[in-house]
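Chemist: Next come the chains, spelled out residue by residue.
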Amino acid sequence: MNQEIFKDNWELIVGLEVHVELATKTKLFCGCLNQFGSEPNTNVCPVCLGLPGSLPVVNETAVYYAMQLGRALRCSVNRSVFARKNYFYPDMPKDYQISQYDMPTNLNGYLELPTGEAIGIERAHIEEDTGKTTHIGTSGRISGSDYSLVDYNRAGIPLIEIVSEPEIRTIEQAKAYVSELRNIILALGISDAKMEEGSIRVDANVSVRENGEDNLRTRCEIKNVNSLKSLGRAIEYEANRHISLYENGESPKQETRHWDEDAGRTRSGRSKEDAEDYRYFTEPDLVPLNPSKETIAKIDQEMPEMPSERRGKLADLNGIKSSDMTLLVERDHDAFALDAIKGGGEPEKVVKHLVNNLSSGLGALTPEALAQLVQMENKSEITSTQAKKVLGELVQRGGMPANLATELGFEVVGLNDLEKLVDQLINEHSDEWERFCSGDTKVQGFFVGQVMKSTSGQADGKIINQILNERATSK
Amino acid sequence: MNSVTPEQYQSASEIADLVATREISALEILERHLNKIEEHEKDVHAFNLVTINEARAAAKETDKLISEGENVGPLAGVPVAIKDNLCTKGIPTTASSKILEGWNPPYDATVVRKLKEAGATIVGKTNLDEFAMGSSTENSAFGPTRNPHDLTCVPGGSSGGSAAAVAAGFAPIAIGSDTGGSIRQPAALCGVVGVKPTYGGVSRYGLLAFASSLDQVGPFATSVKDAAIVHEVIGGYDPLDSTSIKQAPNSFVNEIDQGVKKLKVGIISELMGGIDGITQEVIDQTNIAVSTLSNAGAQVEEVSLPAALYCLSAYYLIAPAEASSNLSRYDGVRYGLRVDGANLQEMNVNTRTEGFGDEVKRRIMLGTYALSAGYYDAYYGKALKVRRLLAENFAELYKDYDVLLSPTSPCTAFKLGAKVDDPMTMYVNDVCTIPSNLVGHPAMSIPFGSGKDGMPIGVQILAPPMKESVMYQVAHTLEKASQ
Amino acid sequence: MSDSISSDEVKHVAHLARLRLTSEELVTFTDQLRAVLDHAKDVEALELNDVEPMSHPLPIENTMRKDIPNPMLKPSDFLPQAPAVEGGRFLVPKILGEEE
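Chains as they are written, first to last, in our numbering: chain P, 1 to 475; chain W, 1 to 483; chain H, 1 to 100.
Wrong hints could be hidden among the right ones.
As the list claims (entries may be wrong) - In silico EDC-like links for lysine to aspartate or glutamate, alpha-carbon gap of 20 Å or less:
#1 W:K419 - H:D31
#2 P:K321 - P:D332
#3 H:K94 - P:D91
#4 P:K25 - H:E25
#5 P:K85 - W:D276
#6 P:K293 - H:E61
#7 W:K480 - W:E255
#8 P:K388 - P:E346
#9 W:K419 - H:D38
#10 P:K85 - P:D102
#11 W:K89 - H:D77
#12 H:K11 - P:D277
#13 H:K41 - W:D284
#14 H:K94 - W:E359
#15 P:K132 - H:E86
#16 W:K246 - P:E60
#17 H:K11 - W:D358
#18 W:K419 - H:E25
#19 P:K85 - P:E172
#20 P:K321 - P:E172
#21 P:K379 - P:E330
#22 H:K11 - W:E354
#23 P:K379 - P:E346
#24 H:K66 - P:E60
#25 P:K223 - P:D203
#26 H:K74 - P:E39
#27 H:K41 - W:D377
#28 H:K94 - P:D146
#29 W:K246 - H:E61
#30 H:K11 - W:D276
#31 P:K223 - P:E17
#32 H:K94 - W:D340
#33 H:K11 - W:E359
#34 H:K41 - W:D422
#35 W:K36 - W:D150
Since the hints were derived computationally from the structure, they do not count as laboratory data.
Go ahead and model the full structure; you've got the sequences and the hints to work with.
Modeler: Structure below.
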């Protein structure tokens, strides 16, 4: 836990509920397009408009994605039953949400953070998204709005809600949990997982307790958190709010609160006097899902490598920083790195290029090309400045670095040639050489400049320095 | 004249034959029925809407197809009345509720589509108890329907309009929905045949839901064979209904004549005097049916269905619970009635308070209560367990018996207004029909004699799931004997 | 066994169901609901701990559809029937009680 923020005797307790929009072609219960950015109310049909008489039919791909995620999170995949969650709200066309309640698809798993810590997953269930309500009026918020407008394009888009156990103890863990979950989802290819666009939405259940205490205290559910950064800020604000209340002899009441990014605070949410009674019951219009052992075995078999395994492979190479491993896996550049290393590229340099010089994408670059480039650098056939330029070209155009270097006129100035040049300069400028040898480092620039001049800047400054130092010590 | 039933009915199969062979045009058949409607509808009030123009256009289209040598299907030119809780594209669908004022569905219910494809002429939308909640068709926002056999009596409900339409000769076929007896009880009270198919045997897509796990769509007809023909047309798997059975049976007519020899028939003793409130004349008439079957070669025995005692209670918890959720969507936001308010919540409340009738409000509140935290286990949870007990009772009986027999309704048609003030008395009307809905089994009512008041009595035949063929055979045998 | 429904509870369920009752209606509905719930006492009294609840009448499982697009409605199919519309969206009066 971020010790600076919280007073020593308080412990932070966080459980996260993450909603993920699945990247199916169609909605969860009808064949309408699951598509972002269409004209309002154009991706709708009787089912997702909740027209009288319409009935839901489950999208098998959505169910498959949900089971894939469940297995990736080491959950048991179970016989599941859909339920209705009843409450009135205009963004829900039926005034109930079809979700899973006491028999969800996935139960009891865990997520391993890059640090190796495991956070328990209570459940990961399937449910439908709601429509989108826009509040019209001067404030732009609900309070003070004159009226609201509803678009049902989003209604019925398949969601998975992943509910963690309240086992998160620090803000860093909370952020790492969400980004690791995102990595897993991206590895599975079941969602585009963009937090800013709302295809991943995070609600945080926050409470605090005194160190050593066993029971959980009252929690508040924080909604409207749109980035990892605001997740951290929201948790911090809320925990401190609870601590202040307790220290003033008060206690927080259990409620939903909204994170206000601009104000940097949470606000009391929807006053749902009737919300505590959702009157869940089995959705009679849908039948239970009961995946066969074969289906689950197939999912396990086809499971892509998980980020933790992928980081493990990089770790086997030694010498790669843990933060770089996480970054490579997040960017999906780890397999590329391994190929480049297998192709003869020195691990450290390969990773350095990927992390520092290739953050905006690999373009037409191949692992073989990167391997060759690193080799050329190591043999000093090319300077690091030249290497960067070649890399830029490789990303743009593809091809191999040796050919590109020639084409770009990056003449190879070999070690021998450089030594000859340096020796010649020493002879021609003996005064300066004496000064260099007696420790006047200012004249070093003079020698390097002269070599650069006669090689049109294609020599490697480091190598020149090396030669100068060798000559000086062997004098 | 206090009765408007015709001397003789023309059957759907006869009409379809005559139309297909061009002995008579679909349009002429339609006009004959429209004339009857013109003559008596003001007394009966079977319809919320007679779709004269659309019906004429459909009949002309059928005639045109026939003249072009096209195959027009088994219901060519047959006028069909549709209960007004089934969606008809572009035609108002109200569920006899004010809350759906002005709503025209943008789609046809699967059943309606299948009927059209079979060549039927849809003549209109029939009256019902609001959202199918009732047993007398008095709970309609558009006024009650009257029994064609005696206009001072109710037709039963909730599909009272459909039953009355067939009994009055307005249409040889009508479609209804049955959640706790809403096809069979009005069929019995109006002296026509009414069938509740196996749950999942006929698509519910486009049926305005009352209680989703109990609702089934089925036919009314003047003969068992006509009902079977229509059942074949509307039945079968529908990918738009998740509860639709993939191997749903839809061939009944071919085997209808097989008789009842060697069949074992059980008489449900609880519904033959075991439970209070079932009138002696109905029990007597059912006993005559028993001897008829016995004489025809069936082996008939009295059996016990112990859980039947609890069905009424279980039903009046389960059905309202599902209904309370199903009817939430009528909130004034997307379609139908809106009564304005200062804010959204007020608008919701104003709309629903003004849009729903008392019986609907009663059931919504009952269901909300049964599902609410703290009462779920005692009421709804318990009711679901009774349902399981009942299913086990039936399964046990069907090891030994092919079909079961009972009265359909505890009594003949009662007077309008007689039971409206006491919901519980009204609910008891469903006591014989509810068990089949709770377990999803098929059951049907056929007219079998009449009471002292001269009003029709119906006998109910119950069968195991997807065994409608046997049910129709038994019904057909009884029908022949009663003629 | 709980006591039969009180008028306060009827008021509460009416609120949950977005219905308003006059004081007269409250009395009538309370009596009527009580009558039904009293009848249901026979079910409440049953000892059914070992019985599995039955939500669906028939044991169907795994009915699903392929992830294939279907034709959708045009706004002109349903918006003209909506009580209030603006810019292709459904208009509702202001929503109370979202934020403090």
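Chemist: Each hint: holds or not?
Modeler: Each hint tested on the structure:
1. W:K419 - H:D31: Holds, because 16 Å separates the two Cα atoms, which is no more than 20 Å.
2. P:K321 - P:D332: Roughly 16 Å separates the two Cα atoms, so the pair holds.
3. H:K94 - P:D91: Given pair H:K94, P:D91 holds - Cα atoms ~13 Å apart, limit 20 Å.
4. P:K25 - H:E25: Violated, at about 50 Å.
5. P:K85 - W:D276: Violated, at about 39 Å.
6. P:K293 - H:E61: 15 Å, holds
7. W:K480 - W:E255: 15 Å, holds
8. P:K388 - P:E346: 16 Å, holds
9. W:K419 - H:D38: It holds: about 19 Å lies between the C-alpha atoms, which stays within 20 Å.
10. P:K85 - P:D102: Distance ~12 Å between P:K85 and P:D102 Cα, so the pair holds.
11. W:K89 - H:D77: 10 Å, holds
12. H:K11 - P:D277: 15 Å, holds
13. H:K41 - W:D284: 31 Å, violated
14. H:K94 - W:E359: 30 Å, violated
15. P:K132 - H:E86: 14 Å, holds
16. W:K246 - P:E60: 17 Å, holds
17. H:K11 - W:D358: Distance of about 15 Å is within 20 Å: holds.
18. W:K419 - H:E25: 18 Å, holds
19. P:K85 - P:E172: At roughly 33 Å apart (the allowed maximum being 20 Å), P:E172 and P:K85 break the hint.
20. P:K321 - P:E172: 18 Å, holds
21. P:K379 - P:E330: Roughly 31 Å between the alpha carbons, so the hint for P:K379 and P:E330 is violated.
22. H:K11 - W:E354: The hint holds at about 17 Å.
23. P:K379 - P:E346: The hint holds at about 12 Å.
24. H:K66 - P:E60: 6 Å, holds
25. P:K223 - P:D203: Roughly 5 Å between the alpha carbons, so the hint for P:K223 and P:D203 holds.
26. H:K74 - P:E39: 11 Å, holds
27. H:K41 - W:D377: Holds: H:K41 and W:D377 sit about 13 Å apart, inside 20 Å.
28. H:K94 - P:D146: 5 Å, holds
29. W:K246 - H:E61: Holds: W:K246 and H:E61 sit about 11 Å apart, inside 20 Å.
30. H:K11 - W:D276: 33 Å, violated
31. P:K223 - P:E17: 10 Å, holds
32. H:K94 - W:D340: Holds. H:K94 to W:D340 sits at ~11 Å (cutoff 20 Å).
33. H:K11 - W:E359: Distance of about 17 Å is within 20 Å: holds.
34. H:K41 - W:D422: 18 Å, holds
35. W:K36 - W:D150: 17 Å, holds
Checked against the numbered hints above, the structure breaks hints 4, 5, 13, 14, 19, 21 and 30 and satisfies the rest.
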